[in-house]
Each structure stands twice: as C-alpha cells, then as structure tokens.
Amino acid sequence: MLSPEIWNFKAPDSLVKVEKGNIVNNNCFNTIQKLHHNHLVSVVLPDTLRVPQNICETLKNDCEYYKISNVGLDELVNINFINAFVRKGIFISLSINERIDCDDCMCITPNGFLLLSLTKETYESLGLEGTPSHYYNTKQRYVVSINLLSNHFKPGKKNYDRTKDRLLTLKKMTLLINWEPPHLDICPSSVAKYFDDLKFDVQVCLPDFQMRTNYTIKVPNFTMDNIHEFVEWLGMFSLESDLGGGGESYLSTYETPQPYQEYGQVKFLQWRGFFSSQQINKLLEVLISHLKDEEKPWISLYVQGFSDVVVGWDLQEHHYYTNGDNGYVIVLNSEDYMVYQHMCSKKSYK
Amino acid sequence: MVIEINPQQQRKDNSLTIPSPTFYQALLKKIQELHGDFGAAAIREGFAAKYFNERTRIAIVRARHGPHKLITSVLPFVKEVDKKKVSLVTLYTGATMRQCFKFILNHQQKKINEICSTLQSEEEKVAIKEALLKFNSTQTLS
Amino acid sequence: MESVKGYFDYNVTDKCISNNFENIAKQLYDFGYHTIAINQTIDESLLEESISEGKKKKKIERQDIVPSPIDAKIIKGCDKLKILNRLTISFTTQDIINRIIKSPNYRKYHIIAAQPESQQAFQFTCTNFEADIFTFNPSTKPNYKMQRKLYYLLVERGVHFEIMYGPAIEDSTKRKNIIATAHMYHSFGKSRNIIISSGITNSFLIRNPYDVINLGLLFGLSDGQAKDAIQNNGRNVYMHGSTVLEFVCWKLY
Amino acid sequence: MYYYLDISFVNQDITAALFKNHIITSIKHVFGEIAAAIPFDVVKYDPSEIRAIVRVTQDHYVKFRGSLTLAGYYQGKPCAYIVHKVSPLLLSLLGDSRTYVH
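Just so you know, the sequences run in chain order A, B, C and D. Heads up: the first sequence at position 314 corresponds to 314 in full-length UniProt numbering, and the numbers run straight through without jumps. Heads up: the second sequence at position 75 corresponds to 75 in full-length UniProt numbering, and the numbers run straight through without jumps. Heads up: the third sequence at position 2 corresponds to 2 in full-length UniProt numbering, and the numbers run straight through without jumps. Heads up: the fourth sequence at position 31 corresponds to 31 in full-length UniProt numbering, and the numbers run straight through without jumps.
Misleading hints may appear alongside valid ones.
Said to hold, decoys possible - Distance windows between CB atoms, simulated:
hint, chain 1, residue 1, chain 2, residue 2, range
1, B, K85, A, S348, 23 to 33 angstroms
2, D, T57, A, K158, 51 to 61 angstroms
3, A, K347, C, D79, 33 to 43 angstroms
4, D, T57, A, V24, 34 to 44 angstroms
5, A, M224, D, Q58, 22 to 32 angstroms
6, D, T57, B, T90, 27 to 37 angstroms
7, A, K199, C, K80, 20 to 30 angstroms
8, C, N19, B, Q99, 53 to 63 angstroms
9, B, Q99, A, K347, 51 to 61 angstroms
10, C, R99, D, Q12, 19 to 29 angstroms
11, A, K199, C, E22, 29 to 39 angstroms
12, D, Q12, A, M211, 29 to 39 angstroms
13, B, T90, D, M1, 26 to 36 angstroms
Unchecked claim - Some but not every residue of chain B turned toward chain D, in silico, with C-beta under 8 angstroms:
hint, residue
14, L34
15, H35
16, G36
17, D37
18, F38
19, G39
Hints listed in this document are in silico derivations from the structure and should not be mistaken for laboratory results. Even for Gly, the Cβ is constructed at its ideal location relative to N, Cα and C.
Can you make the complete structure from the sequences, with help from the hints?
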C-alpha cells in the first residue's frame, strides 16, 4: 500500500535556458524571432539622466493594434482577408479573455497558420482534424492547425469550404490584431478598415507606456557568472522592491549582489500591449546603438509573452498549469550579450 | 512498518511503567506540534504505538511507509511521556513485524547477558532469562 | 448535451443563498469557476425525527422528503456562469434511499451525492446506489472501512470522490480529517476520480483555482490529477449526472 | 532557485512585520514548527493595498502556498490570502496578460 508524498513537494517545473555570446554576430536577435506574441516589454537603463526620445517612441509610434469584438472565426479564412493581410506583411492575432486551460483559444502566427486550442467537446463538435495536446495524456484538449497560406486553401476546394463551414459553428471571439504592412506607403490601419467595413466593433489600442526614475541605486556589476542573481536583481529593481541594506532584516534577507556600484539615476521603462517580434527587434537595435554611443555599463530588456496563447517558443504548444509564463531577458554590454530564456515546462502532466 | 524506540528514564532504575495509550498520545501531540495538522493527518492512518516491556523499556510504533519519516523526525524531541521525563532512542527500523521481532529477540538476549554479568548465582541468571524472554513472547502473541 | 466549461466547484452550500449569494457567485466567477453547484443536504437523522413526531403528517412528509431545488437567478455580469443543483444524502440505512428516489423533487437535481454514515450504507453506495459523487462528513472520522475493491468498483461506475477544502480552512479537526481522508483515497485507489470542491459557507473561504490545484498536491494527488480534480473530472461528473438522469427518466416513462 | 508570489491579504490593515508573522503562524498551524522555520522573504510590501511580493525556495513553495490557502483567521476574524500570480522568474510579476485590459 503506497502512501502519498508528505514531505518533499515539487514545485511546478519551468525551464530556463541561458545563452551567452558576442554582440557582433547578432545572435541575440534570433531569440526575439522565436516568440511572436509579446505582451509586456521593459527596459532598465542604469546611470542615465535623460532617456533618448527614440527609445521611448520605438514601441509607441506605429505600434497601434486593434481589438475586434465578437468575430466569427470563419472571417479569418475569408480569401479576401488572407490575400490582403495574411499573405502580405506580417500579420499576427490572438484571442483574449479566453483561458488556454479551460476555454477555446485561437492565434495566427506570422507564418500564416491559424491555430486553435480546443476543449474536447468543442473539438468533437467542430469536426476538423487536429492532434491531441501534448500536455494532457487523457486527451482533453486538441490543437487544430490550418495553413492559411497553402496553395490549395482557396474557395472551390473541398478542404477550404469545409473548414470555413465548420469554423462558422465556433463561438465568436474577441481578437487582438497586429499587422505590419509590406510597404511603408500602405497604412497599417487598413486592416481595421477591413473589419470596420464588415460592421465589426473595432477598437484602436495604444500601448501603455510608463517611465520611472529611481535615485541613488546600488547596481550590481554585470558579469557572466552571476546571471541568476543579476536577473533576480533586475526583477527586484523593476518591481521597486526592497533592495536590501536597510536595517529591517526580519522581513527580507535580500541583498544586492556584490560587487556593485552606486548610480545617481536608474531609469525603468515599460510598455504593455501587443507587440510583434519585429517591433521588439527594432527596439533592441535602438538600444544597441544607444549603448554604443553613450558607453553605458549595460542595458537590459525583458519581454513577456501572453499567458493564453496557443503556441509559445519556436511555435511549440503552450500551456498554463499554475502560471503561463514565457519570456526572456536580454542583457547587453558593449561587447557581450546574455539571453535568459524562461519557458513553461515541456513535461506532460499525469 | 515498525519503528522501535527505547525510552530511557532519567532515574537509574530498571523498570518504567507507561500505559500504551499515553505513549501514543504523547507521540501524537508532538507530531501535532512539530508537523502541524498536516503531519497529524498524514500519520493517522495505520498509526499505532505499543509499549510492551517494562524491564527493558521497549516500545513498538507502527506507521505506514512514507509518513514514518515524520515520526522518526519527531522522536528525538519527545521529552515527556506520562509526566515522566524520558528520552527516546530509535533502535531499529524495519519493514515487517517479523523483522522487528527478530531484532527485539536479539536485543533482549543482549540485555539478558548484560544483566547476567552483574548477577552472581547461576539460578538467578536462569530466572531472569526466563522472565524476560517469556514476557516478550507472550506480549508478542497478543 | 450542453457543454460545461471553466473550473468546477460542486459544493456551494445552501447557506450561501441567504448569505449574499450574488457576491459569492460573482467572486467564484471572477476566479475562473464557470460551473458551480448549489448543494442541499438531506440528513437522515433529522428526517427520522420529524416523522416520529407526528405520524399523522406522514403522508405529507413523504411528499416533502426532498426539498425542491433552489432556483438561482442568473447573476449580472456572469452570463457564462452555469449553476447546477446538487443533492447530498447523508444516510445510515438504505431504506431512506428508496423513499427519496420516489420523491418527484429528486429528479430535479443535476447531481446526486452520497454520504454514507455506516458500513451498511457504504456497502449500499458501492453496489446499488446511482450516485455521482461520493462524499464524507469532515467533522467526524469515517465509520466504515474502505477497501481497495470497493474503491475501484466506484471508479468503474463513474463515481467521483469529493474532497472539500472550505472546512479545512475553518477548523483544525476538520482539516485533519480531510487530509487523512485524502491520503486514504491515495492509498486505496491511487487518488483516482477525485474532485476537489469548496464546501464554502461564506465568501472568505473562496480560493483561487490555482491555489486549489496546489492544495491538491498536498492531498496526495499528482500534478495532472490535481488539475483534473477541478477541471476534467468535474466535466465527467456532469456527464455522469446527466446520463444517469436520462436513464432514470427513460425507465419511468 | 526561488519562486516568487504576488499576494494580497484580505482582512484589515497590518504592518509588514505582522504580515510576515501571520504567514509564519499559518505555516505552523498546517505544517508544524519544523516547517515554520522555512526561510522566506517579503521583498516588497505595499501597505495601502496590503499586497506583497514574497520569495520562497522552490523546495518549499508547495507547502508555503498550501499554508496560505488554508489560512482562515487573523485574530479571530476571517481572512484570506489572494494569490495574484506566481512565477519562478521575478520579472514576470511585472504584469499579467490575463488581467490586462486592452
């Protein structure tokens, strides 16, 4: 007779991958390209008196995205829509207010796949082919993948008509849409106009931007061998936590890692909204040039993905056990970079 | 799952009388204190304690495999049973009753030898031996 | 069949109805519980008393032996919230069950839970009674003996074992009984077919579903079982409940 | 490795020290004195919202969170801990995409 575990309870797993390299070969941009639906971006600039305007504006200008309420998913396989937006430029979308662990979720990836993560019941009533989710070995959840850019995916073909017909039966969802046009002379808002013309409730969303300055802050030196402590410090600073050194050790034993340096001003910038990996890429480019011009000790960038997106890193299936974290931290100094990737565990739950 | 413990009284006298239920309660109280509600609940199924030899002061504690770790961790902290100051020593941890009885038998034998060495007459030795072993086996059967 | 979604909480006690139910339902909904059941309990011992009090009333008593289910109004802003009715029968002998089943109100409940209080009642639950949930009284130690065979028999019949966390917050004795019972389910049936419900009486006892999953780990469930306990198994209970109900109706008409 | 929890306390205004003290008492109730010694840090405390960020090692996270869940009373009055978000990466407590209003 077996007794349950009573002493060592394992915390839910998560994976951390640390990658180091030289800034010259630009490998750090690869990481950014692997996570497509980004929600929150934050930047820490140590020893900075004035934040250059172009950093603040990279994720503010031309970063509008659209919220469209109550869309039937059959609209997204409309051939006019595919030809006008999915095929051209970079189009990403995901459903909001739906939980990946309980409800049906949808997302469109930049390579033109429409992905659905469905509960067993919805999947059975939908009748489109899919694969059982990796995370539940009892087959409670299925992922349906539709290639919108396939050559055979057009009206008149059996597959197309059937897919469209079946998607009509799904519940309407609220979507976020981010589209980057292929040419500068096309207005990004044309995607909004498309849906507006179809009499949908379209709302323009602007990223939420916050900036903060903290004075006289002990900042740890960035070296490659104290990465975990350094990333923890970034968290402590970003959340304005107690950075240690005070008298009250009863509450917290946290101390800023040694060796550190004290800077007069440290800036914290944060954007929230819906960003594509291209937009993050641009921000990183701006940050790198700023780093080179101003000779800062280092610059850090933290990006957090959406909790309820169908796919996370490398288009692999995402899930939510007790948290749905996907994110990465990039720390750069004038020569090296470090990427700290944080992803949900790939273990399936038994 | 049987754990064996040896309550050693502060006073240097050979026998010690503790009713088994009191001993059980003392253990349970300590577990409640050190491992909280969760510990008390975890060990409850299949938990039994029996103090059964007054001369050699041996007791058997039964617990299920797994939660027995909670009990072994608590034993060193038991200082008082039945208002008598005691300290407990784990002598043996075995997975079956049989294993434990085997151990007890050996242990008793050793005790007998110890006592015997302090005794003078041969008759006394035999008497003691018989008393101890007999006591042991009858208790075992019950 | 209507689909049920979100996290499940099958034990919102009827005490909550008088006690600001709207607030409680809203809070449960915001935490992510989208299917809840209002629980009403029939206690055999109380019924016996009322019957022996006046034999003249017996005929009427028989009519009202099962209270009619509480009809909860749809709460504003929680349009996705599905409210079911659950009846828990606490009994020591099977005689009462036969009377309860005959009651017209009985069929109005979506989910039936059995709470046996004696060895005989336990045996009856395992072999004959079509219950959806097997539950226990957290304030007392169980006075029947669980057997592996019977546990598996219940699992085979699609019955789910309930562990409630609400009483475990309120009181230390109940907490110990609940944890011990949960561990007993682990050793007898590898914690198969477990559902975790709240059993709440006020809004302070409501916990986040992810807290409950974590609590499931302490109850001896594995990672997956803990999540199933408030998600997938909840759906199975609903399906089981509705098929049994259909079956009964079909037999009657 | 650590786990970080973003929690708030529903009862009444209390100071950071009392807050930490009550967590220790809650752990002691559920897991006893041995577990009450597990180290954890209140790295941030916001008295206006009675909301805190707590750091605990991964080995103790499940027991720690379980104790918070089962904590029902503060000075005889009902109370509750609401866990907003947990993560092994502190930075991810900056925001939750589930609760963000676009």
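For the hint on F38 of chain B, just tell me whether its beta-carbon gets within less than 8 angstroms of chain D.
At about 5 angstroms, which falls below the 8 angstroms cut-off, the nearest Cβ of chain D leaves the hint on F38 of chain B intact, so it holds.
Taking the CB of T90 of chain B and the CB of M1 of chain D, does the distance hold inside 26 to 36 angstroms?
Holds, since T90 of chain B and M1 of chain D (Cβ atoms, about 33 angstroms apart) stay within the stated range.
Does the Cβ-Cβ separation between M224 of chain A and Q58 of chain D fall within 22 to 32 angstroms?
holds, 23 angstroms
Given a hint of 34 to 44 angstroms, does the C-beta separation of T57 of chain D and V24 of chain A actually sit inside it?
This hint holds: roughly 38 angstroms between Cβ atoms.
For the hint on H35 of chain B, just tell me whether its beta-carbon gets within less than 8 angstroms of chain D.
For H35 of chain B, the interface hint holds, since the closest Cβ of chain D sits about 4 angstroms away, which is under 8 angstroms.
Pairwise beta carbon distance, T57 of chain D to T90 of chain B, judged against the given window 27 to 37 angstroms:
holds, 29 angstroms
Are D37 of chain B and chain D close enough, Cβ to Cβ, to be under 8 angstroms, as the hint says?
Where the cut-off is 8 angstroms and the nearest Cβ of chain D is about 5 angstroms from D37 of chain B, the hint holds.
Status of the given 19 to 29 angstroms range, CB of Q12 of chain D versus CB of R99 of chain C:
About 49 angstroms separates the Cβ atoms of R99 of chain C and Q12 of chain D, which means 19 to 29 angstroms is violated.
Take the C-beta atom of K85 of chain B and the C-beta atom of S348 of chain A, compute their distance, and say whether it sits inside 23 to 33 angstroms.
violated, 54 angstroms
Verify the CB-CB distance for N19 of chain C and Q99 of chain B against the hinted window 53 to 63 angstroms.
Cβ of N19 of chain C to Cβ of Q99 of chain B: about 56 angstroms, so the range 53 to 63 angstroms holds.
Consistency of beta-carbon spacing, D79 of chain C to K347 of chain A, with hint 33 to 43 angstroms:
At roughly 36 angstroms between Cβ atoms, D79 of chain C and K347 of chain A fall inside 33 to 43 angstroms, so the hint holds.
Verdict for Q99 of chain B, K347 of chain A (Cβ pair) under range 51 to 61 angstroms:
Violated, at about 38 angstroms.
In summary, the numbered hints that this structure violates are 1, 9 and 10.
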